[in-house]
Structures are given as C-alpha cells and as structure tokens.
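*Asks:* The chain contents come next:
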Amino acid sequence: MLAGIYGLLSASFFVSMDAVDVAFTEAAVGAGVFPLLMLTALTVTGRFEQTAHRRPRAAFFLVLVTGALMILGTLDMPAFGSPDAPAHTHVAARYIQLSPTEIGIPNMVTSVLADYRAFDTLGEVVVVFTAVVGVLILLTSVDQRQRPSPANAVETMRGHMILRVVSKMLIPLILLFALYVQFHGEYGPGGGFQAGVIFAAAIILYAMLFGLAKAEAAIKPSILRLLAAFGVLLYGGVGVVSFLTGVNYLDYSRLAADPVTGRHIGILGIELGVGITVAAAMILIFYAFAGYAAGRAEAE
Amino acid sequence: MLPELYNYWVVIVLMMIGFYIVIVQGNLIKKLIGLNIFQTSVFIFYISVGKVAGGSAPILAEGVSVYSNPLPHVLILTAIVVGIATMAVALALVVRIKNAYGTVEEEELQERDLRC
Chain A
1 MLAGIYGLLS ASFFVSMDAV DVAFTEAAVG AGVFPLLMLT ALTVTGRFEQ
51 TAHRRPRAAF FLVLVTGALM ILGTLDMPAF GSPDAPAHTH VAARYIQLSP
101 TEIGIPNMVT SVLADYRAFD TLGEVVVVFT AVVGVLILLT SVDQRQRPSP
151 ANAVETMRGH MILRVVSKML IPLILLFALY VQFHGEYGPG GGFQAGVIFA
201 AAIILYAMLF GLAKAEAAIK PSILRLLAAF GVLLYGGVGV VSFLTGVNYL
251 DYSRLAADPV TGRHIGILGI ELGVGITVAA AMILIFYAFA GYAAGRAEAE
Chain B
301 MLPELYNYWV VIVLMMIGFY IVIVQGNLIK KLIGLNIFQT SVFIFYISVG
351 KVAGGSAPIL AEGVSVYSNP LPHVLILTAI VVGIATMAVA LALVVRIKNA
401 YGTVEEEELQ ERDLRC
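Chains as they are written, first to last, in the numbering used here: chain A, 1 to 300; chain B, 301 to 416.
Hints listed in this document are in silico derivations from the structure and should not be mistaken for laboratory results.
Given the structure is predicted, the values throughout are model-derived calculations rather than measurements.
We put the CB at the ideal spot given by N, CA and C, even for glycine.
Don't take each hint at face value.
Just the calculated beta-carbon pair ranges, DEER-fashion [what the hints assert, rightly or not]:
no.	chain 1	residue 1	chain 2	residue 2	range
1	B	Asp413	A	Pro86	46 to 52 Å
2	B	Ala353	A	Phe177	31 to 37 Å
3	B	Ala400	A	Arg225	45 to 51 Å
4	A	Ala218	B	Val313	40 to 46 Å
5	A	Thr245	B	Tyr401	50 to 56 Å
6	B	Ile397	A	Asp76	41 to 47 Å
Listed below are several chain B residues computed to face chain A (Cβ distance under 8 Å; list not exhaustive) [said to hold, decoys possible]:
no.	residue
7	Tyr306
8	Asn307
9	Trp309
10	Gln339
11	Ala353
12	His373
13	Arg396
Simulated crosslink set (BS3-like; lysine-lysine; CA at most 30 Å straight-line) [what the hints assert, rightly or not]:
no.	chain 1	residue 1	chain 2	residue 2
14	B	Lys331	A	Lys220
15	A	Lys214	A	Lys168
16	B	Lys398	B	Lys331
17	A	Lys220	A	Lys168
18	B	Lys398	B	Lys330
19	A	Lys214	B	Lys331
I would like the entire structure built from these sequences, with the hints used as guidance.
*Replies:* Here's what the structure looks like:
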C-alpha cells in the first residue's frame with residue numbers, strides 16, 4: 001500500500017516538474033504494477049521478518065557521511081530550474097528547436113524517444129523482453145511438487161461484489177484509454193511504454209478480481225509470449241525496412257515520399273512494437289508470479 | 301544561493317534512505333524496496349535537472365516558447381519500465397531463494413551456506 005502511495009506521490013512530483021510523460025509512466029508502474037508484484041511476491045516469501053536489524057548505528061553513520069559528502073558536492077551544481085545549466089545547453093536545445101520541423105510531431109519526448117534515440121529505446125525494449133525471459137525461466141521451470149505451504153492471496157479479492165462490478169465497468173474503459181494513449185502519443189503525453197503498462201494493469205486487475213484461471217483463459221500466456229517477441233521483432237523490423245530504403249538503421253525518412261510522413265509512420269510502427277512488448281511482458285510477469293503462488297496452494 | 305539547490309538535497313535524502321534500508325535490513329524483500337527508493341531518487345534527480353524555470357511540458361503548443369528539457373524525460377521514461385522489469389527478475393530470484401532455502405533472511409541464508 002505504502003509503495004502505491006509513494007508511486008503516486010512521485011508521479012505528482014514529475015507533473016510539477018513538467019514531465020508529463022514520465023508522470024504517466026510512474027503513475028501506472030509505481031502505483032499499479034509494482035505494489036501488485038510486491039504483494040504477490042510477499043505471499044510467497046511470508047509476511048514477517050524474524051531477524052533484528054544488524055548494527056544500525058554503524059550503517060547510519062556511513063549513510064550520514066555519504067549524504068553529507070554528496071550535499072557538499074551539490075554546492076557546485078547549477079540552481080534548480082536555471083535555464084543555462086549545462087544539461088540544457090547541448091543537444092537538448094537542438095531537439096526543442098528542430099524536432100517540430102524535422103519530425104513534425106508536437107510531443108518532443110516522443111520524437112526524441114522514437115527517432116533521435118531510437119537505438120537506445122530498442123535496447124530498452126530488448127532489456128524488458130530479456131527480463132521476462134528471465135522471470136519465466138526462474139518461476140515456471142520449477143517442479144510443482146517442490147513447492148511447500150499454503151496461502152493464495154492473488155485471488156483473495158474474489159469475494160468483493162462491489163469491486164467486481166465496478167471493475168467490470170472500468171476495465172474496458174482502461175483498455176480503451178490505453179489504446180488512446182498508444183496512438184495519441186505523438187500529440188499529447190503518451191506512447192508505447194505508458195500504453196503497455198496501462199493495458200497490463202487492466203488485465204492484472206482482472207486477474208486479481210476474477211482469478212488467474214479466467215484471465216489466462218481470456219488472454220493466453222502462449223499468445224502473450226509470442227506477442228512479447230513480436231513487439232521486439234516489429235521494432236527491429238521497422239529498422240530493417242528503413243535499411244531497405246537505402247538509409248541508416250531506424251532512419252524513417254524514406255518510408256514515405258515525404259520525410260516527415262515517413263518519420264510519422266516509422267514512429268507509429270515502433271511505438272506499437274514497444275506497446276505490445278511492454279504490455280505482454282508485464283502481464284506475463286504477473287502470470288508467472290501469481291501462478292507460482294497459486295501452484296503452492298494446489299500442492300497443499 | 302543555497303535554497304536553489306533543494307532539489308538535489310531531496311534526492312540525496314531519498315537516496316540515503318534507500319541506501320540505509322539496503323545496508324541494515326536483513327530481509328531480501330525489504331532490501332529490494334530500499335533499492336526501489338534509491339532508484340526513484342535517481343529518477344527525481346534526472347527530472348529535476350531537466351526542469352527549466354518558467355518552462356512548460358515539452359509538447360509543442362502555441363504561445364509557449366520555453367520548454368523543459370525533453371532528454372531526461374525520455375531517459376527516465378524508459379528507465380521506469382526497465383526498472384520494473386528488472387525488479388520483477390529480482391523478486392523472482394528472491395522467490396526461488398525462498399523455495400530453495402525456506403527463508404529470505406540474509407543471516408539465515410549465510411548460516412546454511414556455511415553448514416554445507
């Protein structure tokens with residue numbers, strides 16, 4: 001619960017510092033997916049800790065010294081919000097001035113994410129994909145019989161009538177909103193990462209309220225695995241297609257007759273890839289955790 | 301001059317809270333929560349560096365000439381999603397440790413390792 005509030009709080013921090021795109025992501029991840037994952041993991045590992053804290057005084061001293069040294073270091077930093085800080089004087093100025101004409105979309109965050117730094121983003125999508133593979137290897141390769149002791153918290157909310165009725169009405173809207181965020185990412189805050197996480201949050205909510213089995217019947221893990229890989233493939237594929245048009249990898253300018261339209265198409269393509277991978281990845285991770293917790297209950 | 305640096309100090313305080321939790325707590329899950337707080341402090345650091353006084357969100361709009369720096373936003377946007385994915389891997393590892401050792405307390409884990 002506290003983690004959820006913390007996530008929401010940091011999201012509002014980000015809004016106040018004009019980072020709407022980031023706030024979006026943090027709200028969905030920090031307040032939605034992360035606490036749920038934590039809860040599921042906690043049901044497996046047990047709720048209480050036994051050992052007392054170890055040498056807190058020495059640790060406190062160490063932390064205090066490190067913090068003091070870092071504060072000493074900040075004395076030379078540029079003031080908060082100062083427009084001539086080094087961070088704003090190099091490549092960022094170019095992004096702000098030229099991206100509206102070069103890329104032709106209003107949301108600069110999207111144009112930097114999906115065009116200027118498309119390679120970087122490709123790497124990050126691959127990291128998400130790899131993380132899913134890791135989680136799946138770790139959690140689904142175990143022999144079912146090895147899992148001891150009970151408790152299945154994933155489905156503890158099944159009895160709540162009001163929650164179920166309200167969420168039944170809400171989930172389609174959340175899904176719709178995710179699609180809006182996905183395809184409106186060029187004009188307002190949004191894009192593949194946010195949409196993917198929101199979409200996944202809706203499915204995870206469904207799984208929590210109606211049981212994992214029903215969610216897995218609606219959206220099959222095998223299809224999700226394919227989708228997670230397909231998203232990465234789509235992203236990389238757009239890059240290969242731009243190769244074939246005779247320009248650099250992930251340079252979309254010749255995807256259409258007019259470079260600006262070409263960039264538009266390219267960005268739409270890779271954002272779709274990102275959205276699919278992220279959504280499939282998050283749902284798969286949750287399935288893996290919830291399935292692991294449920295498997296223990298069955299074993300008993 | 302000093303009050304202008306408060307954003308860094310908030311970040312440092314958060315970071316040190318996370319650091320302290322990682323050092324002191326013996327429970328692996330709590331260590332992960334500490335790491336998460338540490339991570340968020342870095343996010344806030346980046347975003348606060350990207351803030352320009354009087355600037356607006358970096359979405360093209362009429363009548364706005366000063367925008368925040370979009371670059372840190374991009375970096376952190378992806379970092380958040382990557383962060384949750386790696387956090388999931390870490391949690392999965394903890395779950396498997398619980399499965400193999402029956403505990404997630406650091407000291408008990410070390411005792412068992414020594415006994416073997």
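*Asks:* Could you run down the list of hints and mark each one as holding or not?
*Replies:* We went through each hint and held it up to the structure:
Distance hint check for Asp413(B) and Pro86(A): the Cβ-Cβ separation is about 47 Å, which falls inside the suggested range of 46 to 52 Å. Separated by about 32 Å at the C-beta atoms, Ala353(B) and Phe177(A) satisfy the suggested range of 31 to 37 Å. At roughly 26 Å, the beta-carbon separation of Ala400(B) and Arg225(A) lies outside the given 45 to 51 Å, and the hint is violated. Ala218(A) and Val313(B) have their C-beta atoms about 44 Å apart, which keeps the hinted 40 to 46 Å range intact.
For Thr245(A) paired with Tyr401(B), a C-beta distance near 55 Å keeps the hint of 50 to 56 Å intact. For the pair Ile397(B) and Asp76(A), the beta carbons lie near 43 Å from each other, so the given range of 41 to 47 Å is met. Checking Tyr306(B) against chain A by beta carbon gives a least distance of about 7 Å; that is within 8 Å, so the hint holds. Interface restraint check for Asn307(B): the shortest CB-CB distance to chain A comes to about 4 Å, inside 8 Å, so the restraint holds.
Against a cut-off of 8 Å between C-beta atoms, the interface hint on Trp309(B) holds, since the closest Cβ of chain A lies about 6 Å away. Checking Gln339(B) against chain A by beta carbon gives a least distance of about 11 Å; that is not within 8 Å, so the hint is violated. Taking 8 Å as the C-beta cut-off, the interface hint given for Ala353(B) holds, the closest approach to chain A being about 3 Å. About 5 Å separates the beta-carbon of His373(B) from the nearest beta-carbon of chain A, less than 8 Å, and the hint is met.
Satisfaction of the interface hint for Arg396(B) is found here, the shortest Cβ-Cβ separation to chain A being roughly 5 Å, below the 8 Å cut-off. Taking the CA atoms of Lys331(B) and Lys220(A), the gap is near 33 Å; set against the 30 Å cutoff, the hint is violated. In summary, the hint linking Lys214(A) to Lys168(A) is supported, as the alpha carbons are separated by about 13 Å, within the 30 Å threshold. Between Lys398(B) and Lys331(B) the CA atoms are separated by roughly 15 Å; this keeps the pair inside 30 Å, and the hint holds.
For the hint linking Lys220(A) to Lys168(A), the alpha-carbon distance of about 19 Å falls within 30 Å, and the restraint holds. A threshold of 30 Å between alpha carbons decides the hint, and for Lys398(B) with Lys330(B) the separation of about 14 Å falls inside it, so the pair holds. At most 30 Å may separate the alpha-carbon atoms for a hinted pair to count; Lys214(A) and Lys331(B) exceed this at roughly 34 Å.
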